[in-house]
Amino acid sequence: MTRLGGRLAALGLALSLAAFPATAAQAVPAGVQAVQEPAEGKRIVRLGAIQAIDSMNPFLAVRVISTSVHRWMYAYLTTPDSKTLQPSPDLAESWQASGDKLTWTFKIRDTKWSDGTPVTAQDAAWTLNKIMTDDGAKTANGPAVENFESVTAPDDRTLVIKTKQPQASMLELPIPIVPKHVWEKVPDIGTYEAERYPAVGNGPYIAVEHKKNAYVKLMANPAYWRGAPKIDELHVIFYENPEAANVGLKKGDIDWIGRLAGPQFQALAGDPNIVQWNTQGRRASYLQLNPGAATADGEEIGDGHPALKDVKVRQAIHYAIDKQALVDQVQNGLAVPANGSIVPPMYKDFFWEAAGDTRVTFDPARANKILDDAGYRKGADGIRTMPDGDRKLEMRFSIHTEDPIEDKLAQFLTGWLKDIGIQLTTRKLDSNKFTEETGSTALYDIAISGWSVNPDPEEVFATHLCSRRPTAAGEGGGTESFYCNEDYEKLYRQQLAELDRPKRIALMKQMQEKLYTDAPIIAVYYPNNLEAYRKDRITSITPIPEDKGILYGGSGYWPVYSLQAPAGPAPSDDDGAGPFTTAVVATAAGVVVVFVLGLILTARLRRKGDDDRE
Amino acid sequence: MTAPIEIEPAAGPAAGPQEGRGARRGALGYALTKLGGALLSIGMVVVATFFLFRLIPGDPAIAYTRDVPLTPDQLALLRRQMGLDRPLPEQFLDFVARALRGDLGTSYEYRRPVAELIGERLGPTLLLVGTGLVIAVSLGLWQGTRAAWNHGGRLDRFSTGISLTLWSVPTFWLGLLLLMVFAAGVGPIPGIFPTRGMEDVDAPDGPMYLLHVAHHLVLPCITLVAVVYAQYLVVMRSSLLDEIGQDYVTTARAKGLRDAQVRRRHAVPNALLPTVTLVFLHIGLVVQGAVTTETVYSWPGLGLLFYEAIKGPDFAVMQGTFMVLCVAVIIMNTLADVLYHVLDPRVRSA
Chain A
1 MTRLGGRLAA LGLALSLAAF PATAAQAVPA GVQAVQEPAE GKRIVRLGAI
51 QAIDSMNPFL AVRVISTSVH RWMYAYLTTP DSKTLQPSPD LAESWQASGD
101 KLTWTFKIRD TKWSDGTPVT AQDAAWTLNK IMTDDGAKTA NGPAVENFES
151 VTAPDDRTLV IKTKQPQASM LELPIPIVPK HVWEKVPDIG TYEAERYPAV
201 GNGPYIAVEH KKNAYVKLMA NPAYWRGAPK IDELHVIFYE NPEAANVGLK
251 KGDIDWIGRL AGPQFQALAG DPNIVQWNTQ GRRASYLQLN PGAATADGEE
301 IGDGHPALKD VKVRQAIHYA IDKQALVDQV QNGLAVPANG SIVPPMYKDF
351 FWEAAGDTRV TFDPARANKI LDDAGYRKGA DGIRTMPDGD RKLEMRFSIH
401 TEDPIEDKLA QFLTGWLKDI GIQLTTRKLD SNKFTEETGS TALYDIAISG
451 WSVNPDPEEV FATHLCSRRP TAAGEGGGTE SFYCNEDYEK LYRQQLAELD
501 RPKRIALMKQ MQEKLYTDAP IIAVYYPNNL EAYRKDRITS ITPIPEDKGI
551 LYGGSGYWPV YSLQAPAGPA PSDDDGAGPF TTAVVATAAG VVVVFVLGLI
601 LTARLRRKGD DDRE
Chain B
1 MTAPIEIEPA AGPAAGPQEG RGARRGALGY ALTKLGGALL SIGMVVVATF
51 FLFRLIPGDP AIAYTRDVPL TPDQLALLRR QMGLDRPLPE QFLDFVARAL
101 RGDLGTSYEY RRPVAELIGE RLGPTLLLVG TGLVIAVSLG LWQGTRAAWN
151 HGGRLDRFST GISLTLWSVP TFWLGLLLLM VFAAGVGPIP GIFPTRGMED
201 VDAPDGPMYL LHVAHHLVLP CITLVAVVYA QYLVVMRSSL LDEIGQDYVT
251 TARAKGLRDA QVRRRHAVPN ALLPTVTLVF LHIGLVVQGA VTTETVYSWP
301 GLGLLFYEAI KGPDFAVMQG TFMVLCVAVI IMNTLADVLY HVLDPRVRSA
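In order, the protein sequence lines correspond to chains A and B.
Residue numbering for the first sequence follows full-length UniProt numbering, starting at 1 and increasing by one per position.
Residue numbering for the second sequence follows full-length UniProt numbering, starting at 1 and increasing by one per position.
None of these hints come from the bench; they were simulated from the model.
One or more of the hints may lead you astray.
Stated by the list, open to error - Derived DSSO-like pairs (lysine-lysine); straight-line CA-CA distance at most 30 Å:
(1) A/392 x A/309
(2) A/323 x A/418
(3) A/418 x A/408
(4) B/311 x A/212
(5) B/311 x A/408
(6) B/311 x A/433
(7) B/311 x A/428
(8) A/509 x A/369
(9) B/311 x A/251
Claimed, not checked - Far from chain B, some chain A residues (derived; all Cβ distances over 10 Å):
(10) 86
(11) 100
(12) 117
(13) 129
(14) 165
(15) 274
(16) 276
(17) 294
(18) 297
(19) 311
(20) 325
(21) 359
(22) 466
(23) 507
(24) 543
We put the CB at the ideal spot given by N, CA and C, even for glycine.
The following block holds chain A by itself, in its conformation from the complex (with noise of 0.2 Å):
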């Protein structure tokens, strides 16, 4: 049935294609093929995903891979620039914050729906009204539109957006822009699918078919504004198993894997149709040292280490870690040892380096010094106690099960810290509980975590507030490291207001420096971002940011819009070529198969009716 609709909305894409042959040619720029040659087949690239699509309803998705393919389909108000990564015009062709930067005014785009329809400014202020009215609407994007007061459209190309507070990260909104003729009809937000399609959106692609748990079938948009992209399907097949995949891609059932696990990127060696893309990634992996938790109210929390309240002791572990055999060891080479902090390298702008005094370096000689020195005495059998009492520098430290990659890293760190006095155990919980006894309840003395940054990364310098700690009544807020520090605060609230963007970047590397040096999380590497595609497949790809970037994850659409691929076989008669005439010579055999047995059976069933009859 959805199969059936899907081709009928296909059919019906094409037939209004057809009808406005005109506006397509006008919104492709020269020198792009919009239409194939009758001639040739389609170019097609196929995704593979190691993930289901959750909805389709950009207001409930949260998976990266709905988010993904929700960029590709509908417009933002901005997009990351693809060299820069600074926010470039999308859906708003200019912007303009008021003196007292608590005004946005954004110009709207005048450009088309696929379905025809004027995109206007109203679109943009009912999608953001809905999230901010409509409880079932805040699901995906609620805590983005938390600060903004109002959002109206004085005229059709003019969007109006008041905040409560200033908002510097205004202008990376992760919100996809619906059109309202569409979805104001959707009775309940909350439980609506979205499986209509075609889907009306902006973007350089319309989808066009999407069977659950199965793929996405992706049209190029023939009247996106920046010109239609180069290829004409985009499939999006989702794999459960990673291994699997990878077969997929070796034989050339799927072109491109993104997100790959070291294990699975080394197995791609070695195939001459395969390019093994390795770059720097978009996470920080940190641990995660429990500096004295407490309630958002400041009341104690958890049972962590009393030792770890000290920075001394804090920084003393950070002297007793050797990244660099973190990465050789436990990351295979496929991560960059972390002299920074929670911003990974391929963010240039953001990044803080250490440098000089306060960079820490593998140096257990300095880590005993530092713990002697503070008053830590080793007892007979090497582990050091509290200066004031007699508890021992007995640590847990955790982490989740059945991961071999924090397995083999709890190792390394348990000898490490028992050269400096400190007896670590290792401690496996499942994800729930690991959630909450490092998120909530502060059950925990160290532990592993990370976090993926995007273009703008205020959500993760967030994740560090004071406010971010649990209420009194134990509701997680969100915090990464139970920290609460004044400095920090400041920080943070001057850069929210910070408008001149070299000037937010310095207060955001001061926050990060504040973060190295108080230790409450230590950024151990930034796995590197591994991915996958058949060169004989993808003729062209470029990443975000374009310099050895982001293929798939990556925040914005550039990678995608600038796939080519070479034309498929012409269509002939039968829908399907190789693999389907395959399929039909594979299961007419397994039928032949199946009626000469039927056949042995039954002249052996006569048999027996013979021998009955003696």
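Go by the hints and put chain B onto chain A.
Coordinates of chain B only, in the frame set by chain A:
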């Protein structure tokens, strides 16, 4: 030989006691008792499910919103939506009332009714596991019969050995191996099967669609059959071995019946009984899908749904699939009990 040839010795089950009205009432009573037991079990499953899934450590609202920044207000809203803000007894009553109406709650991950998600996945699972079960049962019973009849022989050692080897192979490993060899192709073996799922983009329409799905079904089905058919083989083999020594078999032989006739008409029907239980038990488990097989081949069935729910964690889906699985097993067990009553007079007289 002085074989007492008197009357045709009928196979056991056919020679039941005379059935009168009393017996029929007994049959009805038997069925009602079994049905009552089943209903009681289902009730207990509902209760157990509710409390079992509340015992899982961690707050579902927090688990669900891991890595998603939320204000306390939004967290409270989510709790309200999930019904977690109400007292436990109230939640329980609500849960029971809903379950009776067939409402299994709403998935946090998909924002859709769990019953709907399960319904969506039921078809692919029934196709895969149903096909697999039919093949596995046929293959197992056939091979088991052969093995028992020639027990100790080369055929017995060979088929039993092969099946037990496959039985001990991890499904995951076997699935991946088949995938690498027959889907991707190794050396001279061409990769002729798809690497994932039940259908591809642009699948053909009409009858060709059935072939398309059948093509996708081959590898998952082989994996499933290879791993489970040994159970039927072993059960059939041992129960037939029990029958071979029976007097009625000797009688049948003595009558001068051919070997194959003795096997097919006398020994096998009696030996089939224990396998009936096994088969029905497995039909119940069909609903669960084959978690591992479905995971390896990205088959969009219930097993995959359950696996994803655990990864989520999506408690509503875990709870819903768990309950559906339990109820299916109970229903099938009850059916097996009733069928036993029909098939085996010894059960009736007991």
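Verification of the supplied hints:
1. A/392 x A/309: This hinted pair holds, its Cα atoms lying about 14 Å apart.
2. A/323 x A/418: holds (16 Å)
3. A/418 x A/408: holds (16 Å)
4. B/311 x A/212: Holds, at about 18 Å.
5. B/311 x A/408: Given that 30 Å is the threshold and the Cα spacing comes to 22 Å, the pair holds.
6. B/311 x A/433: Holds. Residue 311 of chain B to residue 433 of chain A sits at ~13 Å (cutoff 30 Å).
7. B/311 x A/428: holds (16 Å)
8. A/509 x A/369: holds (29 Å)
9. B/311 x A/251: Cα-Cα ~28 Å, so holds.
10. 86: holds (22 Å)
11. 100: Residue 100 of chain A clear of chain B: closest Cβ-Cβ about 24 Å, beyond 10 Å.
12. 117: Check passes; 27 Å lies beyond 10 Å.
13. 129: holds (17 Å)
14. 165: Residue 165 of chain A clear of chain B: closest Cβ-Cβ about 14 Å, beyond 10 Å.
15. 274: holds (13 Å)
16. 276: holds (18 Å)
17. 294: holds (16 Å)
18. 297: Per Cβ check, residue 297 of chain A is outside 10 Å of chain B; nearest 12 Å; holds.
19. 311: holds (27 Å)
20. 325: It holds; residue 325 of chain A is separated from chain B by about 28 Å at its closest Cβ, greater than 10 Å.
21. 359: holds (30 Å)
22. 466: At about 14 Å from chain B, residue 466 of chain A clears the 10 Å cut-off, so the statement holds.
23. 507: The claim stands: residue 507 of chain A keeps its Cβ more than 10 Å from every Cβ of chain B (closest is about 20 Å).
24. 543: Answer for residue 543 of chain A: holds, closest chain B Cβ roughly 24 Å.
Consistency note: the structure conflicts with none of the earlier hints.
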